[in-house]
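Put together the whole structure using the sequences plus the hints.
As you go down the protein sequences, you meet chains D and L in turn.
Using numbering that gives the first Met the number 0, you'd call the opening residue of the first sequence number 0 and step up by one each time.
Using numbering that gives the first Met the number 0, you'd call the opening residue of the second sequence number 0 and step up by one each time.
Rather than coming from a laboratory, the hints here were simulated on the basis of the structure.
In this text, a Cβ means the ideal position worked out from N, Cα and C, and glycines have one as well.
A few of these clues could be false.
What the hints assert, rightly or not - Computed Cβ-Cβ distance ranges for the label pairs, DEER-style:
#1 D:S249 <-> L:D587: 58 to 64 Å
#2 D:G78 <-> L:P267: 49 to 55 Å
#3 D:Y136 <-> L:G164: 55 to 61 Å
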Amino acid sequence: MSKATQSEAETGVTLEIDGQEVQARDGQTILEAAKEADIDIPTLCEHANLSNVGACRMCLVEVDGERNETACTTAAQDGMEISVETDELWTHRRTMLEMMFADQNHYCMYCEMEGDCELEDMFNRAGLDSSRVPLEYPDIEPDASNEYITMDLDRCISCGRCVRTCDEIVGNGTLNFGNRGRETTIVVDDDVSLGESSCVSCGSCVQACPTGALYSPLSAYKGRERNCEVETTTCSECSVGCELDVYTNSGRIVKIEGNEDGPADGQLCEMGRFELLADGRERLVEPQVDGETVSLEDAIDRASATLAGANGVNAFASDRLPTETLEAFSEALAAYDASLEIPGAERATLESEVLSALEAELDVETADLLVDSLHDLEDSDTLVVYDTGIVESHPVVASYVRRAANGETTLVTIDDGEDRLERFADHSIELAAPAATVTEQVTDVFEGGTEALADGTVEDIVDVSLQLSGDATFVLGPAVEDAETMVDIFGLAATSDNEVLSLGPGRNSAVANVPTDDLETDADVAYLLAADDRDDDLDRSIELAREADTAIVHATRASALTEIADVVIPALDWFEREGTIVDADGEDRAIERVLDPRGEIDSDRELLADLQEVAA
Amino acid sequence: MAEVLQRPTEVDTVDGQIRIVICQGTGCMSSGSDEVYEAFREQIGALDGTENVALSWSEGDIDHEELGIEPKKSGCHGFCELGPLVRIDPMNVLYTQVGVDDVEDIVEKTIRNGEVIEELCFEDETGARQSRTDNIPFYSEQKRLALGNCGRIDPESVEEYKTTGGYEAMQTVLSEMDPEDVYGEVQDAGLRGRGGGGFPAGNKWMFAHQEDASEKYVIANCDEGDPGAFMDRCLVEGDPHRVIEGMVIAGYATGANEGIIYLRAEYPLAVDRIQQAIEDAYEAGYLGTNIMGTGFDFDFEVEKGAGAFVCGEETALMSSIEGGAGRPSPRPPYPAQSGLEDKPTTINNVETLANVPLIINNGAEWFKQYGSEDSPGTKTFAVSGDCSATGLMEIPMGLTLQEIIDVAGGIEGDKEFKAVQIGGPSGGCLAEKHLDMPVTFDSLQEVGAMLGSGGLVVMDDETCMVDVARFFLDFTQDESCGKCPPCRIGTHKMLRILERITDGEGEPGDIDRLEELGETIAESSLCGLGQTAPNPVLSTLEHFRDEYEAHIYDDECPAGECEIGGGDHAGTYKIAAQDCVGCQQCVDVCPVDAIAGDPGEAHSIDPETCIGCGQCVEACPTDAIDMRT
Ligand SMILES: Cc1cc2nc3c(=O)[nH]c(=O)nc-3n(C[C@H](O)[C@H](O)[C@H](O)COP(=O)(O)O)c2cc1C
Ligand code: SF4
Ligand code: SF4
Ligand code: SF4
Ligand code: SF4
Ligand code: SF4
Ligand code: FES
Ligand code: FES
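Next up, the structure:
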């Protein structure tokens with residue numbers, strides 16, 4: 000999508016930028032055309048995926064030798080002659096930078112973002128080393144009330160990238176401009192601290208801020224971007240599968256950013272951006288048996304012997320793991336005749352069964368039924384969210400829902416408890432058994448027309464959902480569990496030519512294809528692949544470990560679980576794994592190794608294969 | 000012996016009435032004109048019918064029933080300084096500063112006996128009392144087109160508006176003209192926007208007309224944030240139906256069926272008047288669906304402004320109507336392409352719109368007989384400052400500055416003219432050499448000023464031009480919306496430099512800094528506010544540079560306005576930059592190294608270091624060094 004604000008640029012235009020001939024596409028801005036031609040026009044307020052506001056004035060270019068325009072807001076037109084690098088323009092840019100320098104606290108050597116700051120780069124590029132205008136800046140206390148985000152408005156240049164990010168990308172509208180003139184400042188909600196605000200700590204604004212005005216204390220002083228290596232991988236904290244750009248320096252993760260060319264426009268949520276980074280628990284690198292450090296072989300032998308001698312084995316694997324690891328685990332278990340539980344499997348399996356049944360019965364392609372891009376949510380006329388728990392479980396989807404609701408889309412939310420999207424919903428419905436009740440009537444309406452409905456709130460929802468057939472989208476949250484509901488909703492979508500985004504509790508949707516069972520009641524051995532040992536997985540693992548006589552654990556971090564386990568085998572942490580996971584859209588996504596494994600183990604998969612071999 | 004009036008005949012009157020028109024504009028109301036109006040009602044009520052009171056006029060008696068007598072309200076006459084104003088028509092008698100206590104006298108003497116009360120008449124420069132507006136230059140030199148009805152008709156009455164030809168132009172347009180003819184006529188008339196930019200209104204309408212859209216808007220801009228300007232308020236208070244008529248015509252010409260007037264909330268009377276007028280116009284079928292049976296629909300609403308100066312800028316104005324922050328956005332797209340709610344939108348100043356019905360009724364040629372070639376018609380000016388008859392005046396474009404000042408009664412007292420600031424806070428300062436320049440959109444642009452909304456501050460020779468620049472910049476920097484750095488920060492930095500200059504703390508190099516900052520702000524700012532904010536500084540630097548230099552180098556305010564003295568530094572020495580040749584001889588003799596400066600450039604003495612030994616004075620070959628006192 001082009002962001003030109005001029006009504007229309009001609010198709011296939013040719014213009015000249017600093018003497019170089021440049022081709023631009025229909026509706027592109029001068030800046031976009033220049034970028035594609037590798038011409039670097041200075042910018043500060045412009046940012047990929049955000050609307051252009053022309054605020055910072057850095058991108059002023061001379062058009063046809065007669066007027067200055069901002070390249071970020073002006074459409075490229077055929078025959079334009081653009082100058083970027085003139086002395087006069089640089090004089091203006093330098094003078095403006097001098098103003099910013101003189102009006103704020105930009106002593107880079109004391110700044111958390113020194114070395115990673117677009118403003119500092121611009122100072123350097125303009126050759127600004129001192130200021131000839133009176134220095135005077137307000138002394139604003141940094142806001143450190145959010146554990147992951149610090150706001151130091153002494154360094155804010157009011158470019159508005161954070162405001163637009165929170166509004167246009169995250170759909171949350173937490174940040175705004177307050178006051179005017181020189182007192183202009185970023186205001187959080189109704190002027191509260193970030194910690195008390197509606198902020199969902201997604202950190203998208205931090206990523207967007209060009210200066211040191213917004214930064215994460217988790218990353219401060221850990222290393223400059225240009226000294227880092229970057230690996231792009233997939234987040235496995237939920238089934239959205241956001242792309243993470245992980246910055247590392249000397250074997251340590253410096254920061255995690257959302258990939259701006261990725262499916263979520265550079266967004267991540269608190270889990271993907273900060274919690275992964277904040278994990279300070281001790282890494283587990285040495286195998287242990289009965290609390291004593293042993294060699295890996297010994298640990299495997301012991302595990303294998305325990306499994307072989309078991310009366311029954313209850314196994315558990317985290318659904319954060321790559322598909323390949325889960326498969327290897329499942330195969331290894333087969334050798335010991337174990338029962339396997341994976342958290343998201345039940346819902347995922349149900350869903351795939353429902354879909355194949357529908358495929359047969361209604362003659363639809365599953366692929367046509369599923370939303371293929373999060374942007375589809377914004378393009379729907381109506382969005383029906385069953386279970387607003389997605390705000391916690393799939394935060395980035397919640398962003399797209401909010402964005403849609405802030406736009407033209409009618410948002411209908413249905414929940415049996417607190418509606419976490421109430422502020423954005425056009426219709427917020429509280430129902431005891433949300434989906435089932437509604438869909439029963441949906442089906443009625445579908446067959447008998449809207450008249451078939453009795454009065455009441457349900458009618459409203461259904462009305463809205465159906466009136467706009469063709470582009471309604473149904474979002475199913477993790478709380479939807481029963482087959483009936485699922486059949487109804489997918490059926491409704493199929494027959495009304497609409498789409499569904501199904502967000503189960505599982506992270507890796509491939510769990511649908513891994514055979515799982517009900518656990519045995521009297522198994523004496525628990526075999527646990529606890530992945531990153533986060534709370535949810537950990538709680539269940541501990542429960543199973545306690546029920547059994549002997550517990551074997553593959554773990555990444557020391558925890559209450561490793562304390563009670565009889566055999567502890569180190570496992571790869573999320574940034575050491577390789578493989579694929581399947582996201583909510585059913586796509587395979589790559590998990591890339593970001594850092595070399597700490598311990599002896601190079602591959603969970605090989606280790607599991609070893610275990611299988613020992614059994615054979 | 001008091002002047003005695005001619006008995007009016009039915010022919011002279013509107014509706015066969017003697018009208019006692021009491022100004023109910025904001026200025027007069029604030030000095031009690033509403034009470035004066037009530038007092039008239041009471042007095043005339045006492046005269047009412049029953050007694051068949053004889054009014055003795057110069058030609059026999061008349062019965063007041065035969066010739067109705069009625070107190071009427073009017074909008075502002077523009078002469079607020081002398082309010083409350085009471086005017087008696089058709090005899091054209093003007094009483095100034097009328098109090099409740101004068102009412103009985105007026106009824107008894109003037110109404111009953113046709114006798115003029117001298118003490119209530121305007122006193123001209125010579126001390127003579129002038130009873131008729133025709134003899135008061137402030138009135139007689141004006142050409143009131145846009146404000147033609149203001150101060151004459153009751154703004155709260157559609158009927159009165161109709162007696163002046165009101166709504167006829169609308170009827171003609173809607174029933175006899177194509178939209179193309181309408182904007183064509185306005186193009187032919189050469190009507191240019193009165194809101195500041197001077198963009199040809201007819202062209203603007205044509206662009207909007209050419210946009211293909213099912214919904215379009217027209218907006219009347221009555222934000223009027225310039226301090227001291229009040230012509231738009233006057234117009235809306237005094238003749239609201241004219242604005243409505245102009246808007247319906249603009250709607251028809253551009254293809255818009257919805258109109259909004261954006262009015263500052265600080266104008267409660269104007270808000271009331273226009274709201275009342277809209278209601279009355281709906282009732283009379285001049286607004287709403289199928290206006291006067293022509294099939295044209297037009298709805299009209301009032302939007303109260305947020306009160307910021309920048310909200311008068313069109314993109315900020317639209318954002319404010321949409322409920323957003325009053326922050327401008329870059330153009331293009333122009334409102335005519337994508338404006339309110341992204342629909343094609345035509346924005347005009349209310350004065351621009353008020354000229355339209357006249358152009359339709361009388362034709363483009365008639366309009367062009369007023370004003371100059373590049374700027375036809377008239378313009379309202381709010382003249383303030385050191386003139387004797389300040390106020391609101393509408394005069395043909397193209398009068399010279401001197402002529403305008405004369406209409407405003409000339410410079411007050413025995414002072415000399417020094418400068419005018421034209422175009423409001425973002426206009427420029429003009430000097431004596433511009434006095435003979437005709438004032439038009441283009442001529443002002445050429446000399447780095449602008450017509451703006453028509454604010455005109457006249458300054459005599461006791462005015463410090465540095466302080467004037469500081470004053471205006473203080474206003475604009477305070478009104479900056481804060482979106483773009485040159486305006487948000489740059490104006491503030493300029494202000495700080497001006498402040499230190501007027502405080503006597505100016506530094507060598509400050510003038511260059513002001514110029515550099517000013518140029519960048521003018522060239523780089525996003526909207527008109529920033530682009531024009533440095534004008535007062537840059538223009539005073541151009542015409543009164545020596546005053547800046549005197550402040551900086553001589554610690555002296557030539558106009559004597561700024562309090563600069565040696566202060567803490569009395570007894571130390573200073574160098575007059577204009578006399579310094581940069582020979583460095585003083586540098587060599589100073590025992591404490593207080594003197595700095597490059598060879599050949601003006602030197603300066605750091606007063607903190609100077610011990611007042613005076614050796615430099617001896618050394619200076621050009622006598623450029625003096626003691627601070
Ligand atoms: C800072 C600023 C303030 C303005 N204030 C006003 C105003 O109060 N009234 C007005 O009519 N135009 C104002 N304008 C001009 C408007 O943007 C716009 O050009 C005008 O309303 C167009 O009408 P016109 O063509 O009839 O003059 C202002 C412009 C700027 C940059
Ligand atoms: S925000 Fe940027 S320019 Fe300012 S102090 Fe920090 S690094 Fe320097
Ligand atoms: S962290 Fe996310 S929700 Fe919070 S203010 Fe920033 S963008 Fe908005
Ligand atoms: S906090 Fe950062 S992104 Fe937000 S306006 Fe300030 S400088 Fe820009
Ligand atoms: S939304 Fe899901 S995939 Fe994206 S960052 Fe958050 S947890 Fe990771
Ligand atoms: S020039 Fe001033 S008023 Fe205009 S957008 Fe910039 S900061 Fe706002
Ligand atoms: S990048 Fe274009 S104005 Fe900021
Ligand atoms: S208010 Fe009465 S003359 Fe202006």
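Now for the hints, and whether the structure bears them out:
In this structure the supplied range 58 to 64 Å holds for S249 of chain D paired with D587 of chain L, their Cβ-Cβ distance being about 60 Å. Taking the beta carbon of each, G78 of chain D and P267 of chain L are about 52 Å apart, inside 49 to 55 Å as hinted. Taking 55 to 61 Å as the suggested C-beta distance range, the pair Y136 of chain D and G164 of chain L conforms, at roughly 60 Å.
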